[in-house]
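Asker: Below are the chains, spelled out letter by letter.
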Amino acid sequence: MMKILMLGWELPPHNSGGLGVACLNMARALTNEGAEIDFVVPYAAEHPEIHFMQVLSATHLDPIYRYGGGSYESLNILEKIIPTADEAKNVSIRDVQKTYCEFVDRYLMEFKPEVVHAHDWLTFEAGVLAKKNYGLPLVAHVHATEFDRAGMQAGNPLIHEIEYEGLMLADKIIAVSEATKRIIHDKYHIPLNKIDVIYNSLDENYETSDYHFDEDSYGYLKKLKFSGCTIVSTVGRFTVQKGLHNLMHAAALAIRKNPKLIFVFAGDGEERNELINLAADLGISKNVIFTGFIRGKRLRDIYSASDIFVMSSISEPFGLTALEAAHHGDCLILTKQSGVSEVIWSAMKYDFWDERKLADEILAIVNNPALRETLQRNVQNEYRKISWGEVAKKCLKVYNNIKHKRNY
Amino acid sequence: MRAICLYLHIHQPVRYRQYSIFDVSRDSNYFHDDYHGRQSNERIFRKVAEKSYRPMLDLLERNMQKYPGVKVSLSITGTWLDQAEKWGPEYIAQIKRMVERGQAEIVGETYYHSLAFFYNRDEFEAQVTKHATKIEKLFGVRPRVFRNTEFAYNDELARWADSQGYKGILAEGWDKILGWRSPNYVYKPAGCDNLKLLLKNYRLSDDIAFRFSNRGWSEWPLTVPKYQRWLNNDCLRGNLINLFMDFETFGEHQWQDTGIFDFMNTLIPSWLGEYDNKFVTVSEACDLMPPADEISMPETVTWADTERDLSAWLSNSMQTSGQHDLYAMREQILATGDQQLIRDWRYMTTSDHPYSMCTKYWNDGDVHAYFSAYASPYESFMYFENVLRDLEYRVETSQKS
Numbered sequence: 001m002m003k004i005l006m007l008g009w010e011l012p013p014h015n016s017g018g019l020g021v022a023c024l025n026m027a028r029a030l031t032n033e034g035a036e037i038d039f040v041v042p043y044a045a046e047h048p049e050i051h052f053m054q055v056l057s058a059t060h061l062d063p064i065y066r067y068g069g070g071s072y073e074s075l076n077i078l079e080k081i082i083p084t085a086d087e088a089k090n091v092s093i094r095d096v097q098k099t100y101c102e103f104v105d106r107y108l109m110e111f112k113p114e115v116v117h118a119h120d121w122l123t124f125e126a127g128v129l130a131k132k133n134y135g136l137p138l139v140a141h142v143h144a145t146e147f148d149r150a151g152m153q154a155g156n157p158l159i160h161e162i163e164y165e166g167l168m169l170a171d172k173i174i175a176v177s178e179a180t181k182r183i184i185h186d187k188y189h190i191p192l193n194k195i196d197v198i199y200n201s202l203d204e205n206y207e208t209s210d211y212h213f214d215e216d217s218y219g220y221l222k223k224l225k226f227s228g229c230t231i232v233s234t235v236g237r238f239t240v241q242k243g244l245h246n247l248m249h250a251a252a253l254a255i256r257k258n259p260k261l262i263f264v265f266a267g268d269g270e271e272r273n274e275l276i277n278l279a280a281d282l283g284i285s286k287n288v289i290f291t292g293f294i295r296g297k298r299l300r301d302i303y304s305a306s307d308i309f310v311m312s313s314i315s316e317p318f319g320l321t322a323l324e325a326a327h328h329g330d331c332l333i334l335t336k337q338s339g340v341s342e343v344i345w346s347a348m349k350y351d352f353w354d355e356r357k358l359a360d361e362i363l364a365i366v367n368n369p370a371l372r373e374t375l376q377r378n379v380q381n382e383y384r385k386i387s388w389g390e391v392a393k394k395c396l397k398v399y400n401n402i403k404h405k406r407n408y
Numbered sequence: 001m002r003a004i005c006l007y008l009h010i011h012q013p014v015r016y017r018q019y020s021i022f023d024v025s026r027d028s029n030y031f032h033d034d035y036h037g038r039q040s041n042e043r044i045f046r047k048v049a050e051k052s053y054r055p056m057l058d059l060l061e062r063n064m065q066k067y068p069g070v071k072v073s074l075s076i077t078g079t080w081l082d083q084a085e086k087w088g089p090e091y092i093a094q095i096k097r098m099v100e101r102g103q104a105e106i107v108g109e110t111y112y113h114s115l116a117f118f119y120n121r122d123e124f125e126a127q128v129t130k131h132a133t134k135i136e137k138l139f140g141v142r143p144r145v146f147r148n149t150e151f152a153y154n155d156e157l158a159r160w161a162d163s164q165g166y167k168g169i170l171a172e173g174w175d176k177i178l179g180w181r182s183p184n185y186v187y188k189p190a191g192c193d194n195l196k197l198l199l200k201n202y203r204l205s206d207d208i209a210f211r212f213s214n215r216g217w218s219e220w221p222l223t224v225p226k227y228q229r230w231l232n233n234d235c236l237r238g239n240l241i242n243l244f245m246d247f248e249t250f251g252e253h254q255w256q257d258t259g260i261f262d263f264m265n266t267l268i269p270s271w272l273g274e275y276d277n278k279f280v281t282v283s284e285a286c287d288l289m290p291p292a293d294e295i296s297m298p299e300t301v302t303w304a305d306t307e308r309d310l311s312a313w314l315s316n317s318m319q320t321s322g323q324h325d326l327y328a329m330r331e332q333i334l335a336t337g338d339q340q341l342i343r344d345w346r347y348m349t350t351s352d353h354p355y356s357m358c359t360k361y362w363n364d365g366d367v368h369a370y371f372s373a374y375a376s377p378y379e380s381f382m383y384f385e386n387v388l389r390d391l392e393y394r395v396e397t398s399q400k401s
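In order, the protein sequences belong to chains A and B. Note that my numbering has the first sequence beginning at 1, numbered continuously upward. Note that my numbering has the second sequence beginning at 1, numbered continuously upward.
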């Protein structure tokens, strides 16, 4: 049985995005394959549904949702190594990372995992520490780089520095798509043969859970659809990375040809006010709906209510929301810059800047029932192509290869 | 006596460009992409011409000059001729010289390489007539043997060809139809009086067309002595070997560096060097022997894929609805009398268009994807439909004026 120390930043239900979901599914699948995992998170909170691995809290800080701590008494190691809870309300992320590293340091004094698997820059410093001080093989898993988050602009130099060190010192890098692999190679000058691509899959609970679309949850959308409107939706943080300005311009082009188009922007972020203004400037406010931040059933109802899902990202390491939308029967339109477009063939694709082509594709789906049906039907056979079981098998292969190579 | 009937199919579609919905009613240029664009007909034609048409036509002509016994049959689509007139008239001239020497025969088909036979019989006949007229104008001969687009053949087609006075018709020699019978004989299509049926020997044809450069093939490399041994063995079950394939096999599907040209250059004299061996054109093949048997194909058989059916062209709803909508416009289009409009509409009937919308193997990214001029079957359909919209718009405006 292989013992793995996994360094993460969040796990459901305390997650703010796809990272936590991906980590949880990956860890679960790895334990199904016989691995034993200790998973470190930077906060103290309960994870009532996680029984297959130990979740270790590196700090006494509350996660965003204040569930209260104190659930880890059974782990006596924690009492020894966690400093008395400083009521640091104003801690910066660097402070958290520092404490996180200290926790990992003390953990490794007592335990000797066979592999350390670190997820994204947030935990790379702790991973590097494990490798430098304890000689452990390090796998750096890249779900997104700072270039992705900054919409391929410069981004934060300190974060680049941390990413660079982690990528350089890792024994193997796992990227969530070829697009990410390319960025790691082009921007951080890492040799391609050091990087393996392992695509994410859909959350396993997603398909099994008993979800039922409640048509009344979005009564106004239902009414619009009834009057012959087509619903086009997008989901995500409203940041520069997501390319939503291009989507809005394309929406204006499409609406000019077909006023019975409704665009739903689900999510929130720093670009919200800008986008609302832009819709008004383009004269399409009536056709654009902002839902605010939604998750869970409300989000799934949006997928169910829409006909077309657009992933407009300038850069998207993977893009799990596209698989979710496919699960709910949407036609997909993806930018060629998104990782998910590497695995999904039954979709319309475009370059993120090509607003006219996006408008073209939206109108083509609306105007041609045959296109809509074919896209819908074919993507159903496709989005399950990758399973978390396969992801776990590939990870184990990576672990075994580096152990073998380095003779740890 | 042993005979090879070498038949080569020359075709290029006129591809539509990435025609946007925003072009509809504003710009009726469907077929002229930028020279370096993905759907640039000129660029593709010139590329294939350099790799295939020029070297293979030269090879054939040289051999014809050296050996009067060399014969070849060619089917040349109207869409290819239209493009060759612009970007390679020398190839037309070269083929004409071969025809005049009596060593090349031209096979009849639809001008636009279309599936019109399955949608509109009037349109089908109009396209066949247009093709025959064009062939007569360019080469001075009228086709006497017929082949339908992609070898899509059934008994009904044979009866039609019989009624038109054709001497012979070409089809796939598929095992499911032939059973124990050999493709190396002349047959009589069911229900026909005079028409002869020539069947492709797909094993020996595909050895050259598909397997020649495949290093995973147990018989690789294919040498002339080995292939000639196979030809001789196959002649034990009928002495007419029908080698039917795409012209582009030579140089485009099998690149020059695979040795394909050297292979053919050696095979031709080597075959003729044996006692009583010869080459025949398709018409000569029809006269070679009385029909060995009658063959019936009630269902349509093509030369494509392992299924040998039309599913690569007409299986998903994009393909079927696209073709249906296209042919539904015919009467209105013709009624305008606008020659430019009619020609544009007919270019849209080329079977390569629905083929590029095939999703059968799309997820595996195989040969269908490899040969496509479009990023995906869905995009191809999108541009196709946009063109149809503009054609409709032109019909309406011409009705008003």
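Where hints are given, some of them may not hold.
[Said to hold, decoys possible] Now the stretches of chain A that chain B is said to cover, found in silico as 3 or more residues with beta-carbon under 8 Å:
| no. | region |
| --- | --- |
| 1 | 36–45 |
| 2 | 227–241 |
| 3 | 356–368 |
[As the list claims (entries may be wrong)] Quick list of in silico lysine-lysine cross-link-like pairs, DSS-like style, CA-CA up to 25 Å:
| no. | chain 1 | residue 1 | chain 2 | residue 2 |
| --- | --- | --- | --- | --- |
| 4 | A | Lys336 | B | Lys400 |
| 5 | B | Lys188 | A | Lys385 |
| 6 | B | Lys360 | A | Lys257 |
| 7 | A | Lys336 | A | Lys131 |
| 8 | A | Lys357 | A | Lys405 |
| 9 | B | Lys167 | B | Lys188 |
| 10 | B | Lys226 | B | Lys66 |
| 11 | A | Lys336 | A | Lys112 |
| 12 | A | Lys397 | A | Lys336 |
Hint data in this document are derived by calculation from the structure and do not stem from the laboratory. Ideal placement from N, C-alpha and C gives every residue a C-beta, glycine not left out.
Asker: Look at each hint and say if it fits the structure.
Answerer: For each hint, the structure was consulted:
{"no.": "1", "hint": "36–45", "in the structure": "violated (count 0)"}
{"no.": "2", "hint": "227–241", "in the structure": "violated (count 0)"}
{"no.": "3", "hint": "356–368", "in the structure": "holds (count 9)"}
{"no.": "4", "hint": "A:Lys336 with B:Lys400", "in the structure": "43 Å, violated"}
{"no.": "5", "hint": "B:Lys188 with A:Lys385", "in the structure": "49 Å, violated"}
{"no.": "6", "hint": "B:Lys360 with A:Lys257", "in the structure": "32 Å, violated"}
{"no.": "7", "hint": "A:Lys336 with A:Lys131", "in the structure": "36 Å, violated"}
{"no.": "8", "hint": "A:Lys357 with A:Lys405", "in the structure": "48 Å, violated"}
{"no.": "9", "hint": "B:Lys167 with B:Lys188", "in the structure": "11 Å, holds"}
{"no.": "10", "hint": "B:Lys226 with B:Lys66", "in the structure": "24 Å, holds"}
{"no.": "11", "hint": "A:Lys336 with A:Lys112", "in the structure": "42 Å, violated"}
{"no.": "12", "hint": "A:Lys397 with A:Lys336", "in the structure": "29 Å, violated"}
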